[in-house]
Amino acid sequence: MARDSDTDAPPESSASTDGRGVRIAGWLEAARRGDAAARDRLFDACRSYVDLAARYHLQRRLQAKVDASDIVQQSLLEAHRGFDRFAGESPGEWFAWLKRIVVHNAYDEAKRYRGTAKRDAGREVPLDGRGDASEARAFDPASAEPSPSQHAVRWEEEVRLAAALEHLPEDHRDIILLRNLERLPFEEVAKRMGRSAGACRMLWMRAIAGLREHLGEPNPEA
Amino acid sequence: MHAPPPKPPMATPEEPDLPAEILDSYLSALQCGDQTAQAAILAAHPALANWTACLRGLEGLAAAIAGDGACEADPPTALPRVFGPYELLAELGRGGMGVVYRARHVSLGRDVAVKFLAGGVCASAEQRRRFLAEARLAARIRHPRIVSIHDAGDRDGQLWCAMDLVDGDDLAALLRAGPMPVAEAVQLVAEIARAVHHLHTSGILHRDVKTSNILLDASGTPYLSDFGLARGDDGDATMTGTVLGTPASMSPEQAAGRVREIDARSDVYGLGTVLYEALGGVPPFGGDSAIDTLLDVLEREPLPPSHHNPAVPRPLDRVCLRCLEKAPSRRPATAAALADDLETWLAEGRIAPWSDSLPNRIGRLLRRHPAAGFRLLGIGGTMAIVALRCLANPETVGFYVPVLFGLALWGCLAVFWEALGTRRPATTLLRAGSSRPLPVAKGTWVAALWLTDVIAVTLLLALVDGTSGPLLAVYPLLVAASGLWLEQRLVHLVTLACLTAHAILAVVTPGPVAWHVALILDVLILCTAAITAFQIGRIRLPRAAGR
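Read top to bottom, the protein sequences are chains A and B. Under the working numbering, think of the first position of the first sequence as 187, with each following residue one higher. Under the working numbering, think of the first position of the second sequence as 53, with each following residue one higher.
Okay, chain B solo, but in the shape it has when bound:
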């Protein structure tokens, strides 16, 4: 910006007796705050007096710019440091919403946790509104198992709040090592359920009950925390359809964005996920990406916790799965009801009986084993039609008995594959829609499942001589159904298998074959494959982005 000076400024020639070293040593003394040394240097070099004001001024400027003494360490958040009435001692954690410090109230000597809104003065108005809303809601609550807020404020645009300090890890960290002892897990969830019920009776929904929001102190006492998503009954309803929360612990109504349906039973669902993870050691649903998990939450039925941890008694399985029901009306009506159930189990070792209707059970079975379930439904339906046909025309029995046998065999194979896939070491095999390319073991399993279908269908078609009839529509159907796995490679494989099987069928079938009809079917198969693969590609985009 400025041209270099033509000449050094005037001062140096007029002060030949003041070496730069002296000026430097004076500045060093000034920077260290060593007043004795400053005085001594000044006494030895009176000419220095004219320079001190400027150096002191620059020192003031340095302090004004850095805001700290000479030995400022590089990590921008060096601790401890003073913040208002608090002394910040250590960072406890950070999340999307902000940073939490362990702090001590200097005059009271009390230890608290101080949370700052991320983004400081640059946080958006929405973030600030949410932060303050959380603080206000939490300030309304006094409960021995809920982290309460003491103070909050805005310091030059930086929002902060001070709350109870819970000295320990959160439950999620604890469970990374594996499931808890059963009685302990039940006790913990019962206490948290009481706390959640207290929230509900105060007109507050937590909406984000999950293991990482449950803090445990040194003695293992749990505390519910983090009202970041909570909503009071007087609160605004502006969050229309926004998906908020953590996919793995989100209730289906939250995952689907059906905001109006969210009520106390959504928090009961959250408690169910906590109970599940505490008992089983793993969350009920854990997809490779957030979208996978959301789809699972909406469509799949979790395996019982005892599947992951054989120590879990069956009655607790039922309590847990009941909380995780898709329909809120089938969950325990209140958190208190869940707490009652759990406490009854602790006291008496039993759970109050709870009846379930047959359609519910069938629905749950289908959601738990969709691959085998829907195959059996299809196969069973076909068998019923064939059986009816036999009843209507008894003379055809001889022709249809092998068909019925074939269908039954196919059904058995489907169940066999399912059993193979859900064995404990391979629980993830069944999971539809893994976003990663299937690893070999899983891929082999899925491929075997689908090739079984293609072969079974082809054999049955050969048996009934259906090479040119409407039964051939089963091939495009298979291709379309394979798309449910959301794996383009699987669609390609099934398409190829169907085309091959169809060609073989055409060749081995006795009698004249209408080639043009066969080719039309091939084109239909290819079109179905193209459409299915295209749809998968579309869904893949957000899946990849949402990871």
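For reference, chain A alone in the conformation it holds in the complex:
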């Protein structure tokens, strides 16, 4: 839903993609042909995305802040090892694939963390790709989705955002994760962060402003 509405809007910030030289589609294609350097660059660029996705999925399952670095490592390792098995071509498929690995690992980790391995049937989680739904739409040639090149731009935008988030101070990143990515209302965010809702709102606003600065957006009122 959000993506649909997003694509209706003019690509306001896409012009900045070339600034960091991120070219997911090109690297992916080269890596699939066997170019090791391109593969390294691809993984490098996607690291922040994996990190963010790991945090998101682990946190959502455990409803608490936890260290996600293990599953980031694990997921990147699995993606590295299983790269030959990745059959997709577009960045969209690539990120869906990465996400599925992360979700799977987050599920296992959450289970371990809770220490309640009640059902061993947790292995079905990769199906969780509710991404399946949205991604399936994204690749449907009959739908009014943006062209492949626009796709690439959008993924680069997301990679750039994930990287920028990594450079934010810890509390700023946390609150963006809770409010923007987990989409929790401030009452809930406040509970999780142990602050008042008003304080959270202010913190959040400062976090967004900081993010804009990192993205190198023109100063407001400029």
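These aren't lab readings, by the way, just hints derived from the structure by calculation. A hint or two may mislead.
As the list claims (entries may be wrong) - Partner residues aside, some chain B positions facing chain A, computed with beta carbon under 8 Å:
#1 Leu110
#2 Gly112
#3 Leu113
All residues carry an ideal CB built from backbone N, CA and C; glycine is no exception.
We have chain A already, so just place chain B on it with the hints.
Relative to the frame of chain A, chain B by itself:
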């Protein structure tokens, strides 16, 4: 990782007229996809324009990470959802191999079952190979009683296949409520036997014919499914000796890992287990653990189905037990032959006669009642020797007649205990090798059986004055034999009984006793007990683990 910021970033002081509440309400509108509200808020607060790109970007990122809208429910497999050309509607079941969903082909409007390989992109190469092999084998088959596969694929590393949807339970679930009406059960197994025969004529062995692989639709029509272990004749023979399958429905050759011997008659055995359970309501063998069941499959003879369900006619008992023969050569040669038999019975109420040789019958009797059977063999053998001795030296008859009587009485007692133990409410009493400590009733029964032996042996020894002869070897023998129950407690009990009996024997026997010889025998008894108990402990380890 990062030090806290020394100062809040620059934006806030420069935009004093944009409260955080407004930014928040705009984000809420964005997250709900409410474009009118977005436009209205933006119109009221032009300063917001500079923030929208960033918020929209984060929204895109949220979607890229979660892959879903704002209202994602926590269960990771919330349904319905779209998968390729299918819409997944509900989970039908899950097993070791994967998860099965009820699904609808969106453009065709046809309902199917979509199965996913467990483990997704992380499934091992072997699992993937097996999954694809199953799909390929099943795709070769078209039969009205076999679940067929329409489509299969690999979506970013997640293997899936779409197959016929059978709207109903499997046979195992149905039989949990008890046995089926006899005619219905026979009809069902006959149909499945035809389907299995079709597989065989196509060069495919199913290798896992069991009740939970037989699906029933709403009208009760059965379908054979799950080719997870099936092997085509052109297939690889890499699975050397691996025990695959479900213990309770596994043929002896499968249970023993004699892979080369597995052929169409192994599937006939599987059909036999289905027929047995459909008629009797319980599987032919059901041990407490997988190892127990495997041992039973290899060594024991099932009771006839009519034992569990008196409504089962004798001819069907015979058909069923014939399928469950240990030696494949004694089973019906093909699934079609079994189907013929069953259909003949349905049409004419009789089964084509089938002769059985005497050794087979004796063998089966022994496997069905091993405890009493082997006792009678031993006792009978001894009686024969004693009788021969009487014939050779007629003057000893007076001495040996009480011995013969005693032996005969012992044999009668053994049969009596057996009859007591196999009475219907206590069918499990006889089962050797229960991995749980014997419950009281069962334990009492087994203890009585063995104490009878010790007492009988001791009385006979006293009768023949064999307190120092080689006949005393019978005590270590008893201890060793008690180990067959795989219960250390039983070994301890029998050992104690033997030591006591031996001591009493030594005391009551008139004449001088060689104490050192008696003590040596005691040591031998203890050694036998220690070895036996040690072996049981060894077997127990995998038994406990294999549960």
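Do the hints match the structure? See the list:
Look at Leu110/B: its Cβ gets to within about 4 Å of chain A, closer than 8 Å, so that hint holds up. With a least beta-carbon distance of about 5 Å to chain A, the hint placing Gly112/B at the interface is held under the 8 Å criterion. The beta carbon of Leu113/B comes within 5 Å of a beta carbon in chain A, closer than 8 Å, and the hint placing it at the interface holds.
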